[in-house]
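Below are the chains, spelled out letter by letter.
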Amino acid sequence: MKLADTVRFASGSLRGSPTRTLLMMLAMAIGVAAVVVLTALGEGARRYVVNQFSSLGTNLVIVLPGRTETAGVSPGMLLGQIPREITLDDAEAVLRSPAVNRIAPLTMGTSSISRDALNREVVVLGSTSELLEVRHMTLGLGRFLPPGEIHQSTPVCVLGNKVKQELFGNAPAVGAWVRLGDRRFRVIGIMAAQGESMGFNTDEIVIIPVAAAHQLFNTSGLFRVLVEARSRDSIEQARRDAETILFQRHNGEKDVTVITQDAVLATFDRILTALTMAVGGIAAISLAVAGVLIMNVMLIAVAQRVKEIGLLKALGAPGKQIRNLFFAEAVLLSGIGSVAGLILGYAGSRLIAEIYPSLPVSPPWWAVLAATGIALGTGILFSVWPARRAARLDPVTALSGR
Amino acid sequence: MIALEKISRIFEVGDQQVAALRDISLTLGQGEYVSLMGPSGSGKSTLLNLIGLLDRPSSGTYLLEGRNVSDLDDRQQAEVRSQKIGFVFQSFHLVPRLTAAQNVELPMMLAGVPADERQARVRALLQNYGLSERADHRPDQLSGGQRQRVAIARATVMNPRILLADEPTGNLDQATGREVMKLLENLVTQGITLVIVTHDVEIGARARRQLHMLDGQILSDETRAA
Ligand SMILES: Nc1ncnc2c1ncn2[C@@H]1O[C@H](COP(=O)(O)OP(=O)(O)OP(=O)(O)O)[C@@H](O)[C@H]1O
Ligand SMILES: [Mg+2]
Chain A
1 MKLADTVRFA
11 SGSLRGSPTR
21 TLLMMLAMAI
31 GVAAVVVLTA
41 LGEGARRYVV
51 NQFSSLGTNL
61 VIVLPGRTET
71 AGVSPGMLLG
81 QIPREITLDD
91 AEAVLRSPAV
101 NRIAPLTMGT
111 SSISRDALNR
121 EVVVLGSTSE
131 LLEVRHMTLG
141 LGRFLPPGEI
151 HQSTPVCVLG
161 NKVKQELFGN
171 APAVGAWVRL
181 GDRRFRVIGI
191 MAAQGESMGF
201 NTDEIVIIPV
211 AAAHQLFNTS
221 GLFRVLVEAR
231 SRDSIEQARR
241 DAETILFQRH
251 NGEKDVTVIT
261 QDAVLATFDR
271 ILTALTMAVG
281 GIAAISLAVA
291 GVLIMNVMLI
301 AVAQRVKEIG
311 LLKALGAPGK
321 QIRNLFFAEA
331 VLLSGIGSVA
341 GLILGYAGSR
351 LIAEIYPSLP
361 VSPPWWAVLA
371 ATGIALGTGI
381 LFSVWPARRA
391 ARLDPVTALS
401 GR
Chain B
1 MIALEKISRI
11 FEVGDQQVAA
21 LRDISLTLGQ
31 GEYVSLMGPS
41 GSGKSTLLNL
51 IGLLDRPSSG
61 TYLLEGRNVS
71 DLDDRQQAEV
81 RSQKIGFVFQ
91 SFHLVPRLTA
101 AQNVELPMML
111 AGVPADERQA
121 RVRALLQNYG
131 LSERADHRPD
141 QLSGGQRQRV
151 AIARATVMNP
161 RILLADEPTG
171 NLDQATGREV
181 MKLLENLVTQ
191 GITLVIVTHD
201 VEIGARARRQ
211 LHMLDGQILS
221 DETRAA
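Quick mapping for you: the protein sequence lines, in order, are chains A and B.
Numbered per my numbering, the first sequence spans residues 1 to 402.
Numbered per my numbering, the second sequence spans residues 1 to 226.
Treat the hints as calculated values from the structure; they're not laboratory data.
A quick note: this is a predicted structure, and the numbers were derived from the prediction, not measured.
Do not take every clue at face value.
Derived DSS-like pairs: lysine-lysine, alpha-carbon spacing no greater than 25 Å straight-line [unchecked claim]: (1) Lys182/B x Lys320/A; (2) Lys2/A x Lys84/B; (3) Lys320/A x Lys307/A; (4) Lys320/A x Lys2/A; (5) Lys84/B x Lys307/A.
The following label-pair restraints were derived from C-beta to C-beta distances [stated by the list, open to error]: (6) Asp116/B x Leu26/A: 47 to 53 Å; (7) Ser143/B x Trp385/A: 38 to 44 Å; (8) Gly66/B x Gly377/A: 46 to 52 Å; (9) Trp385/A x Gln217/B: 38 to 44 Å; (10) Gln83/B x Ile300/A: 31 to 37 Å; (11) Asp116/B x Leu351/A: 46 to 52 Å; (12) Ser143/B x Lys2/A: 47 to 53 Å.
A partial selection of chain A residues facing chain B, derived with a Cβ cut-off under 7 Å [stated by the list, open to error]: (13) Met1; (14) Lys2; (15) Asp5; (16) Gly16; (17) Ala314; (18) Gly319.
Don't be surprised by glycine CBs; every beta carbon is placed ideally from N, CA and C.
Could you build all of it, start to finish, from the sequences and the hints given here?
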């Protein structure tokens, strides 16, 4: 029997019971589509986090107060326990490392800001002129913090876009004075509208020189020191150097944590990839279920078509041919089902991308491959037994329907 | 052409043994027209199925054109069925979802005959049997007589040497039954070997050679003078 005839005959018997066939294909398609959509979502979330992290800056090493056993995200870091401060001098000392390009110390607090009668609460960020470059921020108007001596508390500020809008409306702000707490600051620049980035809305902050912030909040410690390594390859050295320098300055007390952006990123990457695979795996189970369903339906088909099988044998079909026919049916079922599933899955992913444009949803190639593979695999695997059973039927018994 | 020697067929039903055929020895020549008669349960269908290689004997040997076919494997037996034997059944056994033409085409498709050759042979055969108009009808759109004619067309489309018919008129009224018989007998004049199982004495009497069975044995074997 020719292959084309086998396929034609098999598709004929599939069309002979359209409801059954459609339901089977639907089960297959939903399974495949589920894998595609769910992994696309997971992958989208992973890429979102990666993008957000990269937008923080490049080749970043982050110094934070407090010690954790291993570098990475840890409870201590999240709780923000501060055993010993990192001072501005500490931060400057890190620059001694040849692997370090520049640094930006960070201190943070909230304060009221007012201009004439207008007044609101803002997050105040104390830093240096390097912050703009290190943290990949964009200035909209005017100038950023002036370069110069780190301890100098020049009374100037850069406003976040939204803060400017609320205080000044459309009136020019650069050159005007605002009041932060009980101190007066001159506005020298406005940040470009940027929106949320890693939980940090630059539109709603005010940036002032770090020394000025220390005076304003009456502190001397730093919340973070952002350290930019010279290149990707020197990140690790920069991290080690920063650690050594700070431990030395703290009399050997290991009370600071130095993490690399890459390490944090890798952690998130691992977590989210694992999540994607887990979700994809769960969806793949539904595919296996679809495979079992195909087996059941094929077994029923064998039972229902006993006479036909007997007849085919009487007309000169050897067992192998009967097996091929049932096999072809299963391949067609799972093949068309998984193609439909892929179409459905991609359409679903596109729809999600339309609804959440900020999420870079796209099905990962390995999931698409695995989904199709599992669909075809289970479809074929689970058809082997029914097909063998059909092939073994004794022609006389089959014909008489006994 | 067909030589059966001491053929027995024993069915095991539970722990009981039913001997459907006992030590049957029989030779059939090329082009013979044989009717097989006997009471229900006497083993007629069993014998026919054995001749048609749909079933294997429990003991004895079966030579088809001098070749021992009783111990061929599944694929070889299928080959013999495909090339040498045609079957006609009481209940037609047409595939319901296929048209008359497709049903007739089926044995050729299974044998791997090229499509264009198949079309030509199907058309010619359906025309022969007066079914041209019905080529695209499915079995449920055909009368019993038409169905049996489609079945005969299907049984003969591979030009077999042997045609085996198990009560081919059993589900037909008398007039239609006679038509079907004419068709089958016409094939005999073309040289086919026809074995027909029937309960109808009148139909059985038309065959030149008449076998009567009882309890799995051949009771009588009469050949009418030409
Ligand atoms: N598959 C089977 N299993 C068990 N016993 C069987 C089987 N096939 C046939 N028999 C038995 O073998 C005997 C002969 O059966 P067979 O069908 O050949 O009779 P028959 O002459 O064709 O009868 P009928 O005229 O009713 O068709 C019967 O006793 C029957 O019960
Ligand atoms: Mg019978």
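Holds or violated: is there a CB of chain B closer than 7 Å to the CB of Gly319/A? holds, 5 Å
Could you grab the alpha-carbon distance between Lys84/B and Lys307/A and see if it respects the 25 Å cut-off? Cα-Cα ~22 Å, so holds.
Lys320/A and Lys2/A were given as a pair; does the straight-line alpha-carbon distance stay at or below 25 Å? holds, 13 Å
Within 47 to 53 Å: is that where the Cβ-Cβ distance between Ser143/B and Lys2/A falls? Given range 47 to 53 Å: violated, Cβ gap about 33 Å.
Is Lys320/A close enough to Lys307/A, meaning Cα to Cα at most 25 Å? Cα-Cα ~17 Å, so holds.
Using the nearest Cβ pair, does Lys2/A come within less than 7 Å of chain B? Holds. Min distance 6 Å.
Agreement of Lys182/B and Lys320/A with the hint, judged by alpha carbon distance not exceeding 25 Å: Answer violated: Lys182/B to Lys320/A is near 37 Å, above 25 Å.
Sort out whether Lys84/B lies within 25 Å of Lys2/A, counting only the CA atoms. holds, 20 Å
State, for the Cβ atoms of Trp385/A and Gln217/B, whether the hinted interval 38 to 44 Å holds or is violated. holds, 42 Å
38 to 44 Å was suggested as the range; check whether the CB atoms of Ser143/B and Trp385/A agree with it. About 40 Å separates the Cβ atoms of Ser143/B and Trp385/A, which means 38 to 44 Å holds.
Can you tell me whether the CB distance of Asp116/B to Leu26/A sits inside 47 to 53 Å? violated, 38 Å
Do the numbers back the hint for Asp5/A, that is, is its least Cβ distance to chain B under 7 Å? holds, 5 Å
Of the numbered hints stated above, those contradicted by the structure are hints 1, 6 and 12, listed in ascending order.
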